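Asker: So the protein sequences, as listed, match chains A and B. All residue numbers for the first sequence refer to the numbering used here, where the first residue is 12 and numbers rise by one. All residue numbers for the second sequence refer to the numbering used here, where the first residue is 3 and numbers rise by one.
Don't read these hints as lab results, they were simulated from the structure. Keep in mind that the hints are not guaranteed to be accurate.
[What the hints assert, rightly or not] In the BS3-like style, the derived pairs of lysine-lysine whose C-alpha atoms are separated by at most 30 Å in a straight line are:
| # | chain 1 | residue 1 | chain 2 | residue 2 |
| --- | --- | --- | --- | --- |
| 1 | A | LYS66 | B | LYS135 |
| 2 | A | LYS131 | A | LYS17 |
| 3 | A | LYS17 | B | LYS56 |
| 4 | A | LYS17 | B | LYS131 |
| 5 | A | LYS131 | B | LYS131 |
| 6 | B | LYS56 | A | LYS131 |
Computed from a predicted model, the values in this text were never measured in an experiment.
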Amino acid sequence: MARLFKMALVRQRTMLLLFGALAVALPMLIGVTYRALGGAPGLEDLWKLLPEGIKALTRAQGGFLPGMGATGYMAAGFRHPMLLVLLTAATVAVAVAALAREVERGTILLLLARPIPRWKVVVSRGAALAVIIALLLALILVGFTLGFAFAGALGDLQWRRLLLVLPNALALFLAIGGYSLLLSARASEGGHVMGPAAALTLLFFVLDYSSQLWEPLRPLGYVSLFHYYDPVGVAQSGSLPWRDLLVLLTVAAAGLGAAIVVFQRRDITR
Amino acid sequence: MAAIVAQGLTKRYGETVGIEGLDLEVPEGVIFGFLGPNGAGKTTTIRLLTGFIKPTAGAATVLGADAWSGVQARSRLGFLPDVGGLYEEQTGQELLDFLGSLQGRACPLRASLCERLELPAALLRRGIKTYSKGSRRKLGLVQALQHDPDLLILDEPTEGLDPLMQQALFSILEETRARGRTVFMSSHILPEVERLCDQVAIVRGGHLVAVERVAELQRRKLRRLELRFRDGIPDAALALPGTVLLERRDAEGWVALEVRGPIQPLLRALAPLTVEDLVFEQAHLEEIFLDYYQQRGQP
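Using the sequences and the hints given, assemble the complete structure.
Answerer: Pasting the structure below:
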């Protein structure tokens, strides 16, 4: 299993480099803009001017608590659409490469002709996916840190609160990885996974976004995974969102479990 | 114990038949050829035997274990897929190390295989994405053979190999058999089968049509004989023993005959004739199949 896990990680090194570079660069840009916006006071003023549609992107329509300026700004950054797209793209791409792409290229035959149960292949790929997501989140944190350092606002950050955002983000992308892995487990071509996985993630996002803006859609918001991802809320509360984590990790585990069952039973054909 | 036993092995894809009711027993210590034209069901059968696909009906045992669920027996299996399928981002050496480590057995044959198949260390240190088609095939063969498996399943093993490497592979497979190992290989190239195999199975349209010893297959083999005569086609040329007329061109004094059975009576009958040119052509496997089926179809 360890060899399969290591192999799954090593195979992603080029993709990791690309996504890793973006994972540092994008949050760094966000961090750098903090001072340009006038720091905490400027941010409060700007926040009042923003339309509800923009505020809903961060799920922070209630605004930031007093003294949360830099911390709230970074927490909101974790819901920046660019970062969500980046992490979703990385998650789906790694999930696709994990199984469907291997079936498509025929490399899976080399593994399955050996004394390796299929479930081990899926679990090792799931573990590699989890590590890659965690690594990218760590790099995002590095990017934010660099950005705020350049902005001279490093001292304004409340790290204890910000670090609580990471488990929430990890759980969200593990859940996305779970269903992506499930789609990958039943597909024989990578292209057949990318579209549906990305579309489902977009649907979840739109559902969450719309439910915040339009009252009749509010109940539907609970269906969306993004409903359970609230970095600003987590940073403001200063505690782990156990209920949200439970929901997201359940989806992740269900996706992985279903992927194991599907891959165990399927025919490997091209 | 037989290395492979299939009983009523069937795979259907909806209405399409991959293989139907295959009954087969491959004894240990032989090279067994699995023959058929493209789309006959060879690769489907191999995928059933290696546990990549689940049978619709019937079952197969490979090295005594169920082909679909018997994962542990695969430590004694060596497998070469029909096409591609190597990890492009690895070097050749990394691939062999990785796959060898997954096998759960030592790889005592790797060095000698690399030497005989001309995969030098310098090449093995390079990324697989830079390899030629032939080098990829050779690497595929090494990964299948390096752990000295009890059973080798090879899907079109000579595909992409130059004639010299084909010869090297034939020698390797003959030595494998001499060590008591079993080789199950699919092919649609008859000379390759004749050279190597002890026994063959022929599939067509998803059905097993024959399991023969190679000597028996050769006895059935059709050959095409083309003759050119200096002074026109003599009547005797049209009644040569064991032949059937396929085509004649009187202006050129040329005939094409299908030869069945032994050649000695034919040569004796040809000796007094004024033969200017003679071409004795080996028949293609498809022609042999066709002839074989036609014979079977007769009452």
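Asker: Take the hints in turn and mark each one as holding or not.
Answerer: For each hint, the structure was consulted:
| no. | hint | verdict |
| --- | --- | --- |
| 1 | A:LYS66 with B:LYS135 | violated (56 Å) |
| 2 | A:LYS131 with A:LYS17 | holds (13 Å) |
| 3 | A:LYS17 with B:LYS56 | holds (29 Å) |
| 4 | A:LYS17 with B:LYS131 | holds (20 Å) |
| 5 | A:LYS131 with B:LYS131 | holds (27 Å) |
| 6 | B:LYS56 with A:LYS131 | holds (19 Å) |
Taken one by one, the earlier hints fail for this structure only at number 1.
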